[in-house]
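> Let the hints inform the model, and build the full structure from the sequences given.
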Amino acid sequence: MESRFTNWLDERFGWRQVWSAIFLRKIPKVNWLFTLGSATLFVAINQIVTGILLTIYYVPTPDHAYDSVQYITTQLPAGWFIRGLHHWGASAMVILVVLHMLRVILYGAYKFPREVTWFTGVILLIIVIAFGFTGYLLPWDQRAYWATTVGTRIAGTPPLIGDWILKIIRGGEELTAVTLARFFGVHVWVLPATLLLLVGVHLYLVIRLGISAVPTREE
Amino acid sequence: MEVNRLSRRKFLSIATWVIGGLIGTGLGIPSLIYIIGNSLKQNQEQKWVRLGPASKVELGTPTLYKIKVKRQSGWIVNEEEVSFYILTEDGRDFIALSNICTHLGCRVRWVGDQGNFFCPCHNGVFDKQGGVVSGPPPRPLDRYDLKVEDGELYILGG
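Protein sequence lines, in the order shown, are assigned to chains A and B.
Per my numbering, numbering of the first sequence is gapless, rising by one per residue and ending at 219.
Per my numbering, numbering of the second sequence is gapless, rising by one per residue and ending at 377.
One or more hints might be untrue.
[Said to hold, decoys possible] Derived pair list, reagent style BS3-like, types lysine-lysine, alpha-carbon separation capped at 27 Å:
no.	chain 1	residue 1	chain 2	residue 2
1	B	Lys229	B	Lys260
2	B	Lys285	B	Lys266
3	B	Lys289	B	Lys275
4	B	Lys229	A	Lys29
5	A	Lys26	B	Lys229
6	B	Lys366	B	Lys347
[What the hints assert, rightly or not] Restraint-style ranges between C-beta atoms, simulated for each label pair:
no.	chain 1	residue 1	chain 2	residue 2	range
7	A	Ile52	B	Ser226	35 to 43 Å
8	B	Val237	A	Gln142	39 to 47 Å
9	A	Ala181	B	Leu323	46 to 54 Å
10	A	Asp141	B	Arg290	57 to 65 Å
11	A	Ile52	B	Asn223	39 to 47 Å
12	B	Ile233	A	Asp141	40 to 48 Å
13	A	Glu173	B	Ile248	53 to 61 Å
14	A	Leu203	B	Leu323	58 to 66 Å
15	B	Gln265	A	Thr157	53 to 61 Å
16	B	Ile233	A	Val178	49 to 57 Å
17	B	Arg358	A	Gly132	52 to 60 Å
18	B	Arg358	A	Val178	49 to 57 Å
19	B	Ile254	A	Glu173	22 to 30 Å
Since the hints were derived computationally from the structure, they do not count as laboratory data.
Heads up, the beta-carbon is just placed ideally off N, CA and C, and yes, glycines get one too.
Below, the structure written as structure tokens:
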């Protein structure tokens, strides 16, 4: 790491400072529950990588969605592996995010000065659930179809605006090709863009403010 | 004797890089296989398709046959029609000629009066055996593999 080249680079980039700010920062004595955020980040990266790989073969139209997923799972070498990682990673993501949130609540880590970190975290939780909801439809099998039928119907239950919400989510009265296409678009463009932005803010705040210690009886 | 002590910090740093490297290759190699695997696979195996009794093939005249074959296009299966001419002089030795002109891919047609195959696009002419007689085609008509089993004629083209 101390070669002339890395020194030359560091003079221009200042990456050593960035590195030590991220990885060599001082933290209080904490326990394993404080790794849940990093675990979530790790699974999120897994979802991004495997998700990008799946789009290489997946086609979001009613006549090809199911078959292209079957093709990925049964015909492609390592396709079952990539899809499996994305499938199980999705569940892991929801579980980890909820556990991470519970830790923050129970340790009171959302308090001053970390309120904004908490707010972004809440939005991130909603984004993760939206990822799960939109991703569930994409295999276009019976389970996906009916789960989304029920899910969008639930979204349509509020009085007055319910019907309006239902139609906007489905892209019409019925669950159709339009629904599949927009769920795909939201799943691979809208949600990832928002997620990356908010994860950036979230992590910046974690590093800037430092993490809270385990609360003690005296406090 | 000097004990070569590994500090806790150094150990954790090395462990992080090693585990990270393992996860990276564990995901990286399957990803690469997933992306390039099917692209490098050989074309689908051709199958023998039955055409009917060999004795029914007309002697001395190329006869047009059409078969339907299933072609895999990713996850889509298409049915395609393949046509070709079967020629036998003695009812024992058969040849199957593709009806696709070797010039630019138009369909050639057997004209019995003149005893030649004609391509309507650029006046390519082939003889009964598929050899080039005149016109722009660069090589004779392509041939399919044929076999006769129990008096039945089969073509390799599925």
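> State for each hint whether it applies.
Going through the hints against the structure:
no.	hint	result
1	B:Lys229 - B:Lys260	violated, 45 Å
2	B:Lys285 - B:Lys266	holds, 15 Å
3	B:Lys289 - B:Lys275	holds, 26 Å
4	B:Lys229 - A:Lys29	holds, 19 Å
5	A:Lys26 - B:Lys229	holds, 17 Å
6	B:Lys366 - B:Lys347	holds, 20 Å
7	A:Ile52 - B:Ser226: 35 to 43 Å	holds, 39 Å
8	B:Val237 - A:Gln142: 39 to 47 Å	holds, 44 Å
9	A:Ala181 - B:Leu323: 46 to 54 Å	violated, 39 Å
10	A:Asp141 - B:Arg290: 57 to 65 Å	violated, 26 Å
11	A:Ile52 - B:Asn223: 39 to 47 Å	holds, 44 Å
12	B:Ile233 - A:Asp141: 40 to 48 Å	holds, 45 Å
13	A:Glu173 - B:Ile248: 53 to 61 Å	violated, 47 Å
14	A:Leu203 - B:Leu323: 58 to 66 Å	holds, 60 Å
15	B:Gln265 - A:Thr157: 53 to 61 Å	holds, 57 Å
16	B:Ile233 - A:Val178: 49 to 57 Å	holds, 53 Å
17	B:Arg358 - A:Gly132: 52 to 60 Å	holds, 59 Å
18	B:Arg358 - A:Val178: 49 to 57 Å	holds, 51 Å
19	B:Ile254 - A:Glu173: 22 to 30 Å	violated, 40 Å
Figure legend: structure checked against the earlier numbered hints; hints not met, in rising order: 1, 9, 10, 13, 19.
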